[in-house]
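Residue numbers (my numbering), protein chains in the order written: chain A, 1 to 302; chain B, 1 to 513.
Because the hints were derived from the structure by calculation, they are not lab data.
Accuracy of the hints is not assured; some may be wrong.
For lysine-lysine, the following DSSO-like pairs were computed, each having C-alpha atoms within a straight-line distance of at most 27 Å [as the list claims (entries may be wrong)]:
hint: 1; chain 1: A; residue 1: Lys58; chain 2: B; residue 2: Lys113
hint: 2; chain 1: B; residue 1: Lys464; chain 2: B; residue 2: Lys384
hint: 3; chain 1: A; residue 1: Lys35; chain 2: A; residue 2: Lys118
hint: 4; chain 1: B; residue 1: Lys220; chain 2: B; residue 2: Lys348
hint: 5; chain 1: B; residue 1: Lys220; chain 2: B; residue 2: Lys113
hint: 6; chain 1: B; residue 1: Lys430; chain 2: B; residue 2: Lys464
hint: 7; chain 1: B; residue 1: Lys313; chain 2: B; residue 2: Lys47
hint: 8; chain 1: B; residue 1: Lys47; chain 2: B; residue 2: Lys384
hint: 9; chain 1: A; residue 1: Lys201; chain 2: B; residue 2: Lys494
hint: 10; chain 1: B; residue 1: Lys313; chain 2: B; residue 2: Lys384
hint: 11; chain 1: B; residue 1: Lys78; chain 2: B; residue 2: Lys47
hint: 12; chain 1: B; residue 1: Lys220; chain 2: A; residue 2: Lys201
hint: 13; chain 1: A; residue 1: Lys201; chain 2: A; residue 2: Lys270
hint: 14; chain 1: A; residue 1: Lys251; chain 2: B; residue 2: Lys113
hint: 15; chain 1: A; residue 1: Lys201; chain 2: B; residue 2: Lys313
None of the values given here were measured: they were computed from a predicted structure.
Here is what each chain is made of, one letter per residue.
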Amino acid sequence: MKRDFLSRTIFGVLFICAMCNLKAQTPIDGIMMSKNSVCTALTFTQDNWDHYWEGTLKRDNGNIGVAQRQTIAPMFSWGITDRINLLGSINWVRTHATQGQLAGVSGLQDWNVWLKFKALQAGNWSLYAIGGASGPASNYLPDYVPLNLGLGSYEGSLRLLTEYDFGQGFFGRAFAAWHLRSNTTIERTYYYTTQGFYSDKVDMPNAVTYGATLGKWLLDDGLRLELSLDGLYTTGGHDIRRQDVGFPSNKMVFLRAGGMARYHFPPSNKIGLFVSAAQVLEGRNVGRSFLWSGGVLFQFYK
Amino acid sequence: MKSFSILICLLACIAGLWVSCEKNIPTQLEFSHYEFSESDANGGTWKPVLLTSASQIGIPAPQSTSSASYLAELADVKAASSQLTAQQRAAVEYWGNNGLLRWNELARELAAKYNLPPAPNPDGTYGAPDPANPDRYPQFPFAHPPYACRMFAYWSAAQMDALISAWHYKHLYNRPAPYKVDNTIQPHLPVSDLPSYPSDAAVVAAVSEAILGAMFPLEKAYLNQRALEHKNAALWSGSNVWSDVTAGDSLGRAVAAVFLARASTDGMRNAQAPKPVSDSLAAAALLYRGTKWVNLEEPPRPVGITPLFGRVKLWCVPNVEAVRPPQPPAIGSPEFEQAAAELRDIAKNLTTEQRRIANFWSDGIGTYTPPGHWNRRATELIVKNRYNPLRSARTYAYMNMAVMDAGISCWDAKYYYHYPRPIQAIPGFKTILGTPNFPAYTSGHSTFSAAAATVLGHIFPSEKQTLDAWAKEAADSRLYGGIHYRFDSEEGLKQGRAVAAYSVAIAIADGAE
Numbered sequence: 001m002k003r004d005f006l007s008r009t010i011f012g013v014l015f016i017c018a019m020c021n022l023k024a025q026t027p028i029d030g031i032m033m034s035k036n037s038v039c040t041a042l043t044f045t046q047d048n049w050d051h052y053w054e055g056t057l058k059r060d061n062g063n064i065g066v067a068q069r070q071t072i073a074p075m076f077s078w079g080i081t082d083r084i085n086l087l088g089s090i091n092w093v094r095t096h097a098t099q100g101q102l103a104g105v106s107g108l109q110d111w112n113v114w115l116k117f118k119a120l121q122a123g124n125w126s127l128y129a130i131g132g133a134s135g136p137a138s139n140y141l142p143d144y145v146p147l148n149l150g151l152g153s154y155e156g157s158l159r160l161l162t163e164y165d166f167g168q169g170f171f172g173r174a175f176a177a178w179h180l181r182s183n184t185t186i187e188r189t190y191y192y193t194t195q196g197f198y199s200d201k202v203d204m205p206n207a208v209t210y211g212a213t214l215g216k217w218l219l220d221d222g223l224r225l226e227l228s229l230d231g232l233y234t235t236g237g238h239d240i241r242r243q244d245v246g247f248p249s250n251k252m253v254f255l256r257a258g259g260m261a262r263y264h265f266p267p268s269n270k271i272g273l274f275v276s277a278a279q280v281l282e283g284r285n286v287g288r289s290f291l292w293s294g295g296v297l298f299q300f301y302k
Numbered sequence: 001m002k003s004f005s006i007l008i009c010l011l012a013c014i015a016g017l018w019v020s021c022e023k024n025i026p027t028q029l030e031f032s033h034y035e036f037s038e039s040d041a042n043g044g045t046w047k048p049v050l051l052t053s054a055s056q057i058g059i060p061a062p063q064s065t066s067s068a069s070y071l072a073e074l075a076d077v078k079a080a081s082s083q084l085t086a087q088q089r090a091a092v093e094y095w096g097n098n099g100l101l102r103w104n105e106l107a108r109e110l111a112a113k114y115n116l117p118p119a120p121n122p123d124g125t126y127g128a129p130d131p132a133n134p135d136r137y138p139q140f141p142f143a144h145p146p147y148a149c150r151m152f153a154y155w156s157a158a159q160m161d162a163l164i165s166a167w168h169y170k171h172l173y174n175r176p177a178p179y180k181v182d183n184t185i186q187p188h189l190p191v192s193d194l195p196s197y198p199s200d201a202a203v204v205a206a207v208s209e210a211i212l213g214a215m216f217p218l219e220k221a222y223l224n225q226r227a228l229e230h231k232n233a234a235l236w237s238g239s240n241v242w243s244d245v246t247a248g249d250s251l252g253r254a255v256a257a258v259f260l261a262r263a264s265t266d267g268m269r270n271a272q273a274p275k276p277v278s279d280s281l282a283a284a285a286l287l288y289r290g291t292k293w294v295n296l297e298e299p300p301r302p303v304g305i306t307p308l309f310g311r312v313k314l315w316c317v318p319n320v321e322a323v324r325p326p327q328p329p330a331i332g333s334p335e336f337e338q339a340a341a342e343l344r345d346i347a348k349n350l351t352t353e354q355r356r357i358a359n360f361w362s363d364g365i366g367t368y369t370p371p372g373h374w375n376r377r378a379t380e381l382i383v384k385n386r387y388n389p390l391r392s393a394r395t396y397a398y399m400n401m402a403v404m405d406a407g408i409s410c411w412d413a414k415y416y417y418h419y420p421r422p423i424q425a426i427p428g429f430k431t432i433l434g435t436p437n438f439p440a441y442t443s444g445h446s447t448f449s450a451a452a453a454t455v456l457g458h459i460f461p462s463e464k465q466t467l468d469a470w471a472k473e474a475a476d477s478r479l480y481g482g483i484h485y486r487f488d489s490e491e492g493l494k495q496g497r498a499v500a501a502y503s504v505a506i507a508i509a510d511g512a513e
């Protein structure tokens, strides 16, 4: 029996992007690439859960065991100007359940692009606006929860992000983002949520994501450590009914805590490594995921 | 700052376009009221299913159209229909002049709503729905395919008998519709020559409320409200006066009672057999047929879905032995190994089209089930052929009686042979559809679909090729989903066609053709 899951398009991406950098670039940090410099990164993420929330009921499922999801994502960041950066990534995903009879799937999930704009800098305080778009990169089936590759909808997002430099290498950051999602398409022409629908189109709830981070630069700015809280809240959607199968348009909520370390090798600082981990603390119609991630990044200067 | 504002504006515009492009997703089949292709004036002479005759249930003779009481009713209709509120107009549009179609849709909706298996308890046991305590978890019913096919069969067979009786009285009493008595009444629906006493809308609403209320006891209040709206809409539209409605209502209730009496003794109450009975069926199959299916869920469900559904009373087939399929290949035999190799190959090389077909026909948990899928097809064909309510009910009735007989005979084979599913018999095999909680042979989808397609192909001969192709696709879909062997599907199709032949033979002789 299929079960609930985590929304990939939104925070899979957040996660992947919680990394690339050196002196620059992710959709959720306050670092900009300088003009004409390019950074590339390759990241791997493992996401496991053995409990999930069926509506608000926390439960396990013997026909899933541990739901596993691996994501490999190449990404790039390019300084168009010192204040405008273009970022992009594409995700390859593999899913697997350790128990039960459902076959896992693998393939290209979603592409993502962001335009990051440094709007303000006033003393130690800066403000950024990041516009994003994403969409399916293959014809994967969203109606295969929890082993689906993704939600299958196109998404536009606007993120406002602010960062404050406390001095002595300490910084704080907060963001909020609005995600507008298109209908997704399934392969059935009738489905029941809180009522029946005679279509293969599914109205997807929009979503809000938010987060706050405290961080510190160490080792002459060669090492960055961060602690974060972040979350997602769909503005709509419906609960999974008792013992029902999850569905792309479920209401999804979670709050997650995590940490990250990133190191770049002196003297050039052109090669970096990062690791991160996060735990979902509370949720609704999502898995109680533990995620860890690692990656390498390489920066080209102009 | 300027470019920042431009960026925001651009994003807002994109968002606005995006939202405005999205259309509302339909929650019902999109059709409107239509002029009937024929009115079947001799419909009162058709042979009913359970009623001994069209006049078995009496209704009072109507007051004449010149009587004071009728004229008072007519004035009410005139007043109501001349100034409809937006809500009343929407109700008239929704129910149209063949509300049977909307009731079938409502039945499908309830089938989907209640198609959820019990969740496991913390100690690994499972509760069972209890008709005596329907609202205690797990709620009653669990509308799995056998439950759903039976619900559709009773609902539609009762509608046919009730409407045959209604047609009989309509033409016996010949009371004209209100808009024919008083030509200042503007009908809101297409006019017809059908006499209005008793109201066919009220018959349909009453039968639906009674049958669906018995099948989905937690929905009684909701069904009552929908039935009331349907009956009122008959008056608001100018089609009926209130005495037409009350006569139809009492006729519908009385016919539904005849069908519910059959339902109470048809064997369904014993179909969800207790574990000792279920175990003895498995032991007998292993001893005499050499195969034993087991549920592989975790925790395992102790009893499959309705092991004794094969003993429920049939509608048109004399007995299950008459349509029982032959012994399937022994596990490990060359025929079996060939079928297993085919499934492995399909799973390994699944095409986009095969995946689409598997999902399109999946009809699993939380859906209206395969019988619901075919009721939708029937509805679309009825609309396309502009059938009147009586002929619509007959279409649903013969199809759904065949579909229920198909279910009964299929379930007989399933627990007679107790044949393992691919996930049990093929080591390491995984599927893209959830494996249902009952044995493999024969495929329920195939049997239901062939039965439905055969009856509909008889009623709509020009659609026969398309219908047979759908049934074949539904049968194949189970291979693509990894939950049936080819011989499950092929024997299921044969079985479904054999079952439907009995229904078609009765249909040919019922006076409607």
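For each hint, the structure was consulted:
1. A:Lys58 / B:Lys113: 22 Å, holds
2. B:Lys464 / B:Lys384: This hinted pair holds, its Cα atoms lying about 14 Å apart.
3. A:Lys35 / A:Lys118: Between A:Lys35 and A:Lys118 the Cα gap is close to 13 Å, so the pair holds against 27 Å.
4. B:Lys220 / B:Lys348: 48 Å, violated
5. B:Lys220 / B:Lys113: 14 Å, holds
6. B:Lys430 / B:Lys464: Roughly 35 Å between the alpha carbons, so the hint for B:Lys430 and B:Lys464 is violated.
7. B:Lys313 / B:Lys47: 20 Å, holds
8. B:Lys47 / B:Lys384: Roughly 25 Å separates the two Cα atoms, so the pair holds.
9. A:Lys201 / B:Lys494: 35 Å, violated
10. B:Lys313 / B:Lys384: Violated. B:Lys313 to B:Lys384 sits at ~33 Å, over the 27 Å cutoff.
11. B:Lys78 / B:Lys47: Answer violated: B:Lys78 to B:Lys47 is near 37 Å, above 27 Å.
12. B:Lys220 / A:Lys201: 31 Å, violated
13. A:Lys201 / A:Lys270: Violated, at about 46 Å.
14. A:Lys251 / B:Lys113: 18 Å, holds
15. A:Lys201 / B:Lys313: 40 Å, violated
This entry does not satisfy hints 4, 6, 9, 10, 11, 12, 13, 15, going by the numbered hints stated previously.
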